[in-house]
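**Student:** Going line by line, the protein sequences match chains G and H. Per our numbering: the first sequence = residues 822 to 1141. Per our numbering: the second sequence = residues 822 to 1141.
There's no promise every hint is true.
Identical copies carry no separate label here, and so any pair may be met within one copy or between two of them.
Claimed, not checked - Computed list of lysine-lysine pairs in BS3-like fashion (alpha-carbon distance at most 27 angstroms, straight line):
1. Lys931 - Lys1093
2. Lys837 - Lys930
3. Lys1065 - Lys1008
4. Lys931 - Lys1094
5. Lys1008 - Lys853
6. Lys1002 - Lys884
7. Lys864 - Lys884
8. Lys1133 - Lys884
9. Lys905 - Lys1008
10. Lys930 - Lys1002
11. Lys864 - Lys931
12. Lys931 - Lys1002
13. Lys931 - Lys837
14. Lys905 - Lys1133
15. Lys884 - Lys1008
16. Lys931 - Lys841
17. Lys853 - Lys1094
Quick caveat, the hints were computed from the structure, so don't treat them as lab data.
Number of protein chains: 2
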Amino acid sequence: MGGDRGPRAVLAGMNKVAKKFPNSQFIIHGDKAAIAPPLQRYKLLRQRCQIKHTDQVVSMDAKPSQIIRNGRDSSMWKTIESLKEGFSTVAVSCGNTGALVATSLFNLKKSPGVSRPAIACLCPSSNPAGYNVLLDAGADIRANKDDLLCFSILGNQFAKYGLSINNPRVGILNVGTESHKGRPEIKAAYDLVNQIQENYGFEFVGFVEGTDIFSSAVDVIVTDGFTGNTAIKSSEGAALVIRKNLREAFQYTPFSRIGGFFAYTSLRRFFKKIDPRQSNGGVLLGLEGVVIKSHGGSDPVGIAAAITLGLKLANSKNLC
Amino acid sequence: MGGDRGPRAVLAGMNKVAKKFPNSQFIIHGDKAAIAPPLQRYKLLRQRCQIKHTDQVVSMDAKPSQIIRNGRDSSMWKTIESLKEGFSTVAVSCGNTGALVATSLFNLKKSPGVSRPAIACLCPSSNPAGYNVLLDAGADIRANKDDLLCFSILGNQFAKYGLSINNPRVGILNVGTESHKGRPEIKAAYDLVNQIQENYGFEFVGFVEGTDIFSSAVDVIVTDGFTGNTAIKSSEGAALVIRKNLREAFQYTPFSRIGGFFAYTSLRRFFKKIDPRQSNGGVLLGLEGVVIKSHGGSDPVGIAAAITLGLKLANSKNLC
């Protein structure tokens, strides 16, 4: 219920997944009156899903504390409760991030040793796995040295079991690679992460910069949720501007239109590769259960990507 | 002396500017033995520049405090000193950012009312001015509510007098647009900036997100130097990956190579438009003097862009 485009976009995304994964099954928590009519369009999905009616919806501007106090009948709460009680193996939401984190924290146990859960995002890179992992992408707006240490361990596990990277290279995001740079908690985390790398089976590459988020020099980028969220969204903003300019470039002259015609298939592949919708879906790490946060503004393609990510991770019990 | 590519790249960049701006004159502070021989290549530049020899160079890993104590004979110090004493109207450096800020702060007066200077960066956007202004891009790693207020005023002035934008739209960078989100200092700054917008002749649009940095919904984006630096560098990282993928797309099949041939001119224009080198150069705002920070890794194209920015701003006395 929480996506900016409403239940219709979510259903269309689910239908894409239902087609691709014949064994997938769905429980939809939300307003039956808003969900049942558009669901009629999707015959395949209809057969494999059930609707659990809830009256209440968490709004995008609701504070996390409000959900804990008054949101227990909401579709979001019921979704996480269903995961907790074992009715579902993955929970996916397009709703309010703060509320989703608070609801998950309240209902699901923290994994042993985890100080603060984090949202991990996949960033396209030229690494063999095709992606780098950035965390925290916005589960919280702060992180102290112990949280950053915890994120390095969570990110290492995610890279190993979610992306099959042996001996992942872990870096801490900073404004420069020199060891004297950055905020005090980052410098303290540097020493902590440096000490544990061998025990946990990863390689600590030290400080990395914003330009490294998509580079092949690192697999896991550790940062606080404020910085991580801004970094991800800034890159998306840049990608959008570039797409727009490129489309315009191919309309500019008759020659460029001919060029666009010949390069059509390759350009389509290219646009798909850089499409942020294809890497939609942040994974809430550090809890006993797979919770996926989809972008609020996601369309069916993005929603399908987020659900698919959840399906792939559902069997990796080492992950969360 | 401080650029990653050494004095040769700087000289080549200066030469580009010398050709384009017939009235430009240059003072080069640095090691004469390293500068004079390559300068021989550039006849035009040679006639319009003088070398002021210094033995000492500020290294990229030097701490700002070291420069204040022991760096007074360095090329960086002498460059700022020359600006202070009126021998030059603009100072440009590719060197250590922290040292440049510290040297500038020590030598140049703060503008009245400025709590903390900030580096302003130009981000390509579809606004009529062609750019948005983001500050702080890394003069410091922190900013409290009063600093963010100060940045909004500095950014407003820069947009007005540097980019000729009437009534600029100013936003504060946050993880969401809802007013309850974000760190305490950001929420406090929201109220402060909201109160002064009319007096200072700008429109406060509230919180903006990373995706807005390149959007036409805002002209000035205010944030702390840690977040700003990461946002800029992340976008550059994304742009680099996209460029690489696009070039590969045009090599993929014979058809796409034909497409690339026909679209060559439009693609060249496109690549120029999204080239981060073209918007290289951060302006240190809040001091009595125009100091430009160029990327350390800049090539001649980037260095020429940074110097050109300085030249354009040199006559805007309202700016700094």
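**Student:** Look at each hint and say if it fits the structure.
**Tutor:** Evaluated hints:
no.	hint	result
1	Lys931 - Lys1093	neither (36 angstroms within a copy, 49 angstroms between copies)
2	Lys837 - Lys930	neither (31 angstroms within a copy, 62 angstroms between copies)
3	Lys1065 - Lys1008	neither (39 angstroms within a copy, 33 angstroms between copies)
4	Lys931 - Lys1094	neither (34 angstroms within a copy, 47 angstroms between copies)
5	Lys1008 - Lys853	neither (51 angstroms within a copy, 38 angstroms between copies)
6	Lys1002 - Lys884	between (34 angstroms within a copy, 9 angstroms between copies)
7	Lys864 - Lys884	neither (37 angstroms within a copy, 65 angstroms between copies)
8	Lys1133 - Lys884	neither (31 angstroms within a copy, 46 angstroms between copies)
9	Lys905 - Lys1008	neither (37 angstroms within a copy, 35 angstroms between copies)
10	Lys930 - Lys1002	between (36 angstroms within a copy, 25 angstroms between copies)
11	Lys864 - Lys931	neither (38 angstroms within a copy, 68 angstroms between copies)
12	Lys931 - Lys1002	between (32 angstroms within a copy, 24 angstroms between copies)
13	Lys931 - Lys837	neither (32 angstroms within a copy, 59 angstroms between copies)
14	Lys905 - Lys1133	within (19 angstroms within a copy, 61 angstroms between copies)
15	Lys884 - Lys1008	between (32 angstroms within a copy, 14 angstroms between copies)
16	Lys931 - Lys841	neither (32 angstroms within a copy, 62 angstroms between copies)
17	Lys853 - Lys1094	neither (36 angstroms within a copy, 49 angstroms between copies)
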